[in-house]
Amino acid sequence: MNDALASELSAALGPDRVRSGPLELTLYRRDASLLEGQPGVVCFPCTTEEVQAAVTIARRHGRAVVPRGSGTGLAGGAVPVGADGAEPVVVVTTKMDAILGIDEGTRVAWVQPGVLNLDLTRDVAHLGLHFAPDPSSQQSCSVGGNVANNSGGPHCLAYGVTSAHVLAVEVVLPDGSLALLGGLDPEPPGYDLRGAFVGSEGTMGIAVRIAVRLSPDPPAVRTVLVDFASIETAAATVTGIIAAGLVPAALEMMDARITAAVEDYVHAGFPRDAAAVLLVEVDGLPAGVEAAAQVVADVAEANGARGVRVAADEAERALLWKGRKSAFGAIARIAPDYYLHDTVVPRTRLVEVLSQVYEIAERHQLLVVNVFHAGDGNLHPLLVFDRREHGVMDRVLAAGTEMITACVAVGGVLSGEHGIGLEKRDHMGLIFSDADLDAQRRLRLAFDPDQTCNPHKVLPSGSRCGDLQSVPAGAWI
Amino acid sequence: MTGPVRTLPATDGPLRDFAAEVGPSEPVVAVGGRTQWTVGGDPDASAREVWAPAGVVAHEPAEMIVRVRAGTRVAELDDALAEGGQMVALDPADPERATVGGLLAVGHSGPRRLGWGPVRDTVLEVRFVSAAGELIRAGGPVVKNVSGFDLCRLLVGSLGTLGLLAEVVLRVRPRPPVAVWLQGAIDDPDRVRRILLRPSSILWDGSSTWVLLEGHGGDVDAEVKALGPEFAPVGAPPALPDDDRWSVPPSAIHQFVAGLHPGTFVAEVGVGIVHTSAPAPAPVRAVDPATATLHRRIKANFDPSGRLNPGRMVA
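Chains as they are written, first to last, in this note's numbering: chain A, 6 to 482; chain B, 12 to 326.
Hints may contain errors.
Stretch by stretch, here's where chain B covers chain A in the computed footprint (C-beta under 8 Å, at least three residues) [claimed, not checked]:
no., region
1, 162 to 168
2, 257 to 266
3, 439 to 445
Don't read these hints as lab results, they were simulated from the structure. Built from N, CA and C at the ideal position, the CB exists for glycine as well.
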């Protein structure tokens, strides 16, 4: 059972940072996805040495380790699933929340993995710097979680995905040893292990210290809200802005249902009767920003926009962004549950894919809302429902799979920022051949030969290089 | 000179031919433009030479991507992108000879890295031939993608020791409307970096500083003014000494060049690459044992018989 394991972990970490009671374990059965697992023991290390101790003890007991940050992941990456039926040890990094050092001159911060994304930006704001990757959950997600899932946000369009902002990661490997991946110099010796680790979803070890790049705050910013009478004209405007040679700092789209729900929720002045709105942000130096904002307005008007509103000041800009980033919270005004997908399509195929998304939802008698990173082609169809309704989960899952398939059919991929986790691992075959997956498995096995770190995640079972047990489909829904 | 650019049919035929030529056994060495042939050591003389297919397959300006075969000369790719008003953040010293695949396999970014980012961040999808002679794909043809492990970044800079690049999809960006190099006889390049928002390059040789400003004309004018009268436009940056190329933390540049004579080095300020023409003290670049073990295991897992680019070492 778990008693000996828990008592050994308690001896190493202290009894107040180890949990094994049934009620407490229940809290860690899931992340922000709909999937559930079962932890054996949950522990909360504060130091690198304690992470190493937890990993070593788990290993000695033949248990897998599941790393977990704030638990905001939406693909089931932190759902505890063990190997061979043995309940895993969940290693929660939320207590490792120190900003270890900031070098203003070279614009680098060393942080522990549990530092919250927005806290880092707030901490360096007085230096005129910020951490560019900004998921919608940035108030509650951790930097370690961002690294694990390579999870960015609206500003990835101009500033690149999280991987571009991570310089070095110190990692406790699945055998308990410590390795520094990457470095502060631009071309560290050896293979790009930092690049390989970012986005590995906890399958290659646990980050304990992260060096991130800080970006200078742009002196000028313009945030523009554009109101459309149809999805088609909004999508055409997205393409038109890019074709005009602009790379906006952010280019977000919200459809009619979510716009109305958000407006009811935050009262930001969003047009309640719009078929779609775009939130476009341009930043940089003043002359270029003014010119770019004018291009946005011109392209929108040429495509028949009903209205173009430029935020007059920082307060109005913050309110517009609050509206966008509160979208998931606003869903509660429509239905108690939602299932959020995360796929990417070529942005020139947005209209075609969106119309299929609506058609699929309608056919399954479900309501879908769309709020997404249009500039990246990163769709987020949200199926909203009430799980108490008999049989609804089957329809939700079936519709979700059809939506993913539709995105892949036009040259899209499975995930833009949430990761694969448990949720989409069995869909990986939609975009990768067995040989492709075998190559990915070879990388994973170099870090974790015994597959004890977050097993059953990302890669489906049955590709050639390993011999994983199959996880029953839907077992955790 | 490069000829007129043609967009090729998006067929796998040439990639499969390349995979067949690589085959499943015997040592092979991938040849590009031989512009960085000695990086990582000379290839084993017994290895058979193979060339990746060439040509721009598809440039999609509205998607901000280009699909290009690895044997394509960088200048040819640049010509193709220029037609759509775009560019790619590859910046080799000799674009007429350097190939896309060779540049990515070596992984060295050019002097515009400060503003454009490293070449690794340009790569969205790779198709490569594995040690087993199979054609493998990783990543995807979209600008944001976290579907699976990041083999794209793993392969950039791997010197062809894990797989031989056949075709890649790269992220492109708009060509800046204005670009100007400035030079000033000042020896505090860090001050320059603090003044400017996103300079594309700052180079320093110990006595003089060069700055590349790119972007909207009005912004470039304002930044030129902010730099002050000691900076004046010049036609080109300094030639980069090519005897040695060092990678140091950007904060350690001054310490690193302390023993060097001005004019015998050019440092990429804010990046940490130092090009030297005189012997420099080798900085300590120890790889910790656990990291070295990872390097060995990755090589062994991807190329168990050590047949891919034998003789070349990445660390």
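Here is what the structure says about each hint:
1. Counting residues of the region 162 to 168 of chain A whose CB lies closer than 8 Å to any CB of chain B gives 4, which reaches the minimum of 3, so the coverage claim holds.
2. A stretch counts as covered by a chain when three or more of its residues have a beta carbon under 8 Å from one of that chain; for the region 257 to 266 of chain A and chain B the count is 0, and the coverage is violated.
3. Taking a C-beta to C-beta cut-off of 8 Å, the region 439 to 445 of chain A contributes 5 residues in contact with chain B, enough for the three needed, and the coverage statement holds.
Of the numbered hints given earlier, the model fails hint 2 alone.
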